[in-house]
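Given chain A, put chain B in place with the hints provided.
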Amino acid sequence: MRAWLRQHAAAFRLAARRLLRATGLASALVIGIAVSLPAGGYALLESLRALAGRATLEPQISLFLRPEATRAEADSLGRALRADPRVGKVRFVPREEALKELAAVEGMSEVIASLGRNPLPDAFVVTTSEKSLEPLAADLARLPAVAQVQADSAWARRLGALERLGRLALVLLAALLGAGLVAVTFNTIRLQILTQREEIEVSKLIGATDAFIRRPFYYLGLLQGAAGGLFALVIVAVLLAALNNEVRPLADSYGSGFRFAFLSLSGACTVLALAGGLGWLGAHLSVSRHLRNIEPR
Amino acid sequence: MVSFSTVAKRYPGGKTALDGVSFALAAGELAFLTGRSGAGKSTLLKLIPAIERPTSGAVIVNGQNVGALKRGAIPYLRRNIGLVFQDQKLLYDRSVYDNVMLPLAFSGQPPQEAARRARAALDKVGLLGREKSNPIELSGGEQQRLAIARAVVNRPALLVADEPTANLDAESAAKVLDIFVAFNQVGVTVLIATHDLALVERYGRRVLHLEEGRLA
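As given, the protein sequences belong to chains A and B, one line each in that order. Using numbering that gives the first Met the number 0, read the first sequence as starting at 0 and increasing by one per residue. Using numbering that gives the first Met the number 0, read the second sequence as starting at 0 and increasing by one per residue.
Bound conformation, chain A alone (with noise of 0.2 Å):
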């Protein structure tokens, strides 16, 4: 046992070492660009999915009052409303306030102030998690005092559909350079193979196993793989920073503290441990490939 964890900490070291030279540091960083791209991409997504989730968490459906209702029509209004069991929350927003929640945008207060009137009616604003809004938007249209529902169904699926989209082109990018990261790793192993061919040789003549032997291209092959996830997430993090400084003033003029998240501490370990897996991968492809035709003559 110790002796075995002797050989395993020796292939470790051994396969540190290989990475460490140019070489192996140059295919981690061509690894690393390649992972920094669906990585990069899934932290903007989820970013833009958290901003579009404060907006719509649930979907939401507002409802406009008659101009010419009253603050008691609004009030048994707001009663049916709290009654039925469709619906989740319910804000009643005033004319008065929405007025001032206009008059809070800018260049808007001037036009306000040439109306000279509140043009606004009463409103309610409810949530619900209807899969389906059409049904209970209608149903809605037909409670007394209501002149317009409107319901953001529409602009939800979009959304919904953008993101799934988003999502699919990640996955289909990140499979495709998890490949190149195989076909990577394969070749740096193959030529380290190669370049040790006659210590294989002389290895395998005086009585190495065949595991002893695979085990620092193994080691290699995860470890140039974890180190291209690091890279990776060093690259993000980089032009995440970069990112930030440019949307801090865009968000901040939208009066939002927005900024382009980081991946989480699970996100960035799944990052390298895939990479990792994806490098052992290859160095297996390519051992078993490769060591098996190195027989001493």
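Think of the hints as simulated: they come from the structure by calculation, not from any bench. Incorrect hints may appear among the rest.
To be verified - Listed next, with one range per pair, are the computed distances between beta-carbon atoms:
hint, chain 1, residue 1, chain 2, residue 2, range
1, B, 194, A, 24, 46 to 54 Å
2, B, 13, A, 182, 37 to 45 Å
3, B, 2, A, 25, 51 to 59 Å
4, A, 178, B, 67, 16 to 24 Å
5, A, 25, B, 94, 26 to 34 Å
6, B, 180, A, 182, 49 to 57 Å
7, B, 10, A, 178, 36 to 44 Å
Ideal placement from N, C-alpha and C gives every residue a C-beta, glycine not left out.
Using the frame of chain A, we list chain B on its own:
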């Protein structure tokens, strides 16, 4: 220790390298294998550590039928056989010391024990003090002695050498053969292939003579 019974080796293409070879080498024996180049000496030696497999007949080493050995068992067979080659097969990208350490890396010795054994092996072939040199700096005789140190560092019961003196001057050759004799005196079974009959006669040991694939 080693026994061949009616061993034949034919290579693809029909060339017969060995034909009906039978002999036995007792534990503790030292024998020379002689014959012209092409007589089958190298082929015979390669059958012992399963570098080649016999076409027919049985090769028994240490009670194991080598010809029928599974691929995975071969490394363990080879660890018990010290192999010395005409072209030494040293690794020139590392020191003399690291060349001797190579077999110890996979036999799983603790580091101090491995270092002790490597030094002892180098001492026996008279290369202690050259540990840090690169093998390329050594003379032909010294390189061959380094190959022997590497072969014996795992203390094998059997030493097999293919033309270990072929490229050496008479003095270096005698030095190398003396080392084999010294190992034989402490109980190691030794089989040496050579075409230098004068050298063989001087030692007065058992001689196996191959002629066109048959023992004469």
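Structure-based check of each hint:
1. B/194 <-> A/24: 46 to 54 Å: Between residue 194 of chain B and residue 24 of chain A, where Cβ atoms are some 51 Å apart, the hint holds.
2. B/13 <-> A/182: 37 to 45 Å: For residue 182 of chain A against residue 13 of chain B, whose Cβ atoms are near 42 Å apart, the range 37 to 45 Å holds.
3. B/2 <-> A/25: 51 to 59 Å: holds (54 Å)
4. A/178 <-> B/67: 16 to 24 Å: This hint is violated: roughly 42 Å between Cβ atoms.
5. A/25 <-> B/94: 26 to 34 Å: holds (28 Å)
6. B/180 <-> A/182: 49 to 57 Å: Hint holds: Cβ distance 55 Å, inside 49 to 57 Å.
7. B/10 <-> A/178: 36 to 44 Å: The hinted range 36 to 44 Å holds for residue 10 of chain B and residue 178 of chain A, with Cβ atoms some 42 Å apart.
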